[in-house]
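Colleague: Listed here are the chains, written in short residue letters.
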Amino acid sequence: MTALLASGLTDFVGDALDRQVQIDAIGLGAIFALMAVGIGLVFGVMRLVNFAYGQLIMAGAFALAYASERDWPEWAGIALCFGVVLALSLAMERVVFRPLRSQSAAVMLIATFAVAFLLQSIALLWFGPLGKTASSLVELNRPISLLGVDIRKITIVAIVVAVVCLALLVLLLERTSIGLHMRAAAMDFSTARLLGVRANLVSTVAVLIAGVLAAVVAVMLTVQFPTVTPTFALQETILVLAGVVVGGMTRLLSATLGGFLIGYVSGLLGGALPSSQSQYLPSFLFGLVILVLLVRPDGLFTRGRGLVERV
Amino acid sequence: MRTRRAALELLAPAALVVVAGLVGALVSQTNQIYFVTALISVSTVVAIYVFVGNSGVLSFGHISFFAVGVWAAGVLSIPEQEKPATMPYLFDFLSSTTVGNVPSLLIAALVGGAFAVVVGLPLMRLSGLAAGIATFAVLGITNNLLRYYEKIGPGLNTFSSVPETTDVLQATIGAVLVIAAAFAYQRSRLGRQLRATREDPAAARAVGVSIYRQRLAAFALSGFLAGFAGGIYIHFIPINVDAVYLDLTFITLAMLVIGGATSLWGAVVGALFVSALDSVLAEMEDGMTVLGVTIDVPSGSRIVVVSAIMALVLIVRPSGLTGGREFSLPSLARRARPAEAK
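Protein chains in written order, with the working numbering: chain W, 359 to 669; chain R, -7 to 334.
Pulled out of the complex, with its shape left as it was, chain R reads as follows (with noise of 0.2 angstroms):
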């Protein structure tokens, strides 16, 4: 019974993606980008969910993660003869190295990771209002140093030539590897000591469990899926540093909250339900027809939507769509309790 309920919390999400993929792989090629998008949001709102959501602490810093993966695999695959022009100031071996699809994307990870474990090595200390304090300011310094430093990427320009390599394939591919992660890492012990912090800080302390270092783990496990997640995006659709700030933030952390932040399956349903309500009304916003009726709403009332249904979910359902509970069958539950009973 425990295994087929651990298989359901990891093939749940883990079907639910590949459903998404499979949709997107059958429709149009303009409509393929939606799904691509809603695909590499679920990455990367995993991500932060393996720390957000199993540690109860609040991070709004993991989209630096996220853009050091994006600069790491962006300024790293754009063709060596190109960089000249775009990135004039490189450093020389940033210039003269260029690498393929897959491997920038392991050292967009690896970046990720590292810088995460770097942060987290003073940050993880602090919790509540300072730790959300702490981490903004890590986003503003990440995005300030990434916008003017002109050695380590384009600054503020665009980033121009990155082969896009990221179709729904590997878009698929990539949400369900890091699916399997935050999988594997909340069924392993640090997973199930780091919950145990969250539930009851001194009770876990009282059994010898390290709040501190569980965090730490947890926030560079984070952080490398997080680059990843980056270095996929940067495949995909041509950025600036404007695109991994203030709003990516705002709105990965509305996914996961809606989804339902303590809950693989709730990070998974709040990044596709988002994607899909964000795709619908940017179809309006070019005027939809449905049914025969042109629906066409001003551009731009995407994110007053989705801002409006995050605060209406957390005043009606603050624990989220899922209520932050992993997927189980009903009818399964009901029929374990019996069976549990003898």
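Chain W on its own, in the form it takes in the complex (with noise of 0.2 angstroms):
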């Protein structure tokens, strides 16, 4: 028995520790770090937990697949896409975030359920169950040979792009001025107010650079999986809101981190345990989830006690 378990352990770590699996780790660690920082990134400014992320995603992969099916060129649909998911994220904004900004914590979280499952029912009204299927960049999923594995184009893809965003989000708060209101915002909302930083214009661009996140997402993820139903996006933005919370909410950077690690952590287990026990993956990572929570519950890249709920 002990051996039994002493091997299958090994085995583990060594699928684990696998060129490839890493790889592909990484790469998903890429897209959930993009996710958590667009979640992240308006919990900072607004307090507020955007459930309805994924059905952003959903919405513009619908469009790429809407482009596609129409033969459209390709930059055509991505355009489209953009433009689906930056009008969905200001109506968000606008008709629903905005009037709820006073409101508890718990009141904007279920608020933005039900938004998701508004547009994941429309989804379903239109499109159907079986939904459609997207082949834009296809050639994306060719691999190429790098250092003896071979890698899909998509994964090298992922890791470039989300480092070139998380750059110019960094350069974009930290070097310009409304860079400098958004984190004022972030630290204490009626304070910045009260210095003349327009909540309105803050909130508005919080919203829309998550949007832009949400759109370059629901391109790469669409080049993996090229079927896009109603329920596209849906889990990952749930193990992204739970590793993002893991990671530490109160601030950007750790928020991003939880998502990376919940990512890299989900792309691990998925390569290296026995297809006998792949099927419980969500309960393996879940049960993590549970753990760190309960050893820090302000999160896992957090110093101190955070602030997470605003009084």
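Since the hints were derived computationally from the structure, they do not count as laboratory data.
When the alpha-carbon atoms are kept at most 20 angstroms apart in a straight line, the in silico SDA-like pairs for lysine to any residue are as follows:
1) R:K143 to W:S633
2) W:K490 to R:S291
3) R:K143 to W:S636
4) R:K143 to W:S634
Work from the hints to combine the two standalone chains into their complex.
Modeller: Listed below in structure tokens is the structure:
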């Protein structure tokens, strides 16, 4: 029994350290990190957990599928994807987030829950449960040989895109006045307002940036999973939300790290779990989430006690 | 005066449920389904209310207790000779045991309650977002295990040959029992202490209330009632694991929030209101004739309307239709004030 367990564990570690598994896990982590930034940025400014973030990605993916069904050129499909996601983000901010800004975190979370189901059921009504196929940028799915492992091009693209997006975001936050306003709002919203930060502008910009990231994620996810259904990106969003809270929502960096971590661990477990147990992957992941939350309820990457809810 | 108000707090929701049950008993067989579903929704939402409403802590995990109730009552009440065909991998003690209707409901409640205690022991230390995500994680794990672990149930398959014993009468009695339990709890010392922690955690702690213990007690009772509701549900309609996951979590939370999460009256009103809306929309999906005009909406629009209304209620009335207050007669309240002044 012990020997069996030990050999199972060695297999597991061996598989987990495999270069192929590592690269794929990092690629998944990169996409999850981008989603985490989108969720963390809006949370920072508005103290709002956006459960409907995954449905933005789903809408973008349907836009891509719509375009490829009609044989539009690729740039037009991607433009449509960005347009749909940004328009939806703005509408969401204006109609739902803004009126609820003064409400408790729980009310806002349930409201975004409602928006999520609204968008999902509209997609179900419109496109049916079987969904559509998006075939944009399929050549990115082909593998190339690098350092003796076969890597799909999209994995490399995902990592590069994530790094570039994060770098641009850091520049925006650190070097521009709107970035300064956003950081001030994230730290103390009412004081920032007193000092002349325009609340509506700051929250609109935060939601727009989150929307751009959602569209980027939609493009990259549809390359890997071309079948777009109304529940597209739902499972990923739930994991990212858990990752963001596990990392620590108070700072954008810790939230992003949390998102990356849960994507990475999920990729690792997916690659290394024996096939008889791989169906229990969500249980392992959620179990880890609960464990971390019990040990560090304020977040894995935060220092001291965080201020999670605004009083 | 206080006893009269307390009586109203119990009698108003109970009366509403009984009226729904009576109407349900009079309508045609096809329409009866809507009433039974609504009554089971009342039980489920009130079960969730016992924890969420009284503690003010959001839980996404209560449908896991409902789900284990479904599994316990379903697996145990399928006739023994049917079990090998539909659930070949079942544990021996499960495949060799078959219980009747009422015992299966009790077992469902006990399993739900026990599961809530196991989950609550570590998790009730958390609050805020961490609690929300942790309860969500519990829901994810429960769903994942029920879906693939075929030693405890049918896995991905739909439950078949569970005796369909839940009718209007049983659903009504069930809902009234759950309401009575919720009422007894919220009037009790425990319930008042928990509501004190909801209103002001610091002050409650200062007078010696243990937030952890109070939340755990409510969580356990809440899980017990949710398991019971799950038991009633599986005796009504054959379902599979997808029916007890995100959609049900959403719709029950929507009912609670639309009604007003902080009162028993709100939970009951919300459940019945959303169920009524849902039933009317379901009829419209099949084409409904009102005053000679046929209204026909595309199928699947129910959830669109329900989620739109939920978002709307949250924006316009964040505390729900009832404002989160218990039922009271306006005239009574007006007459009460001068009387109390003397």
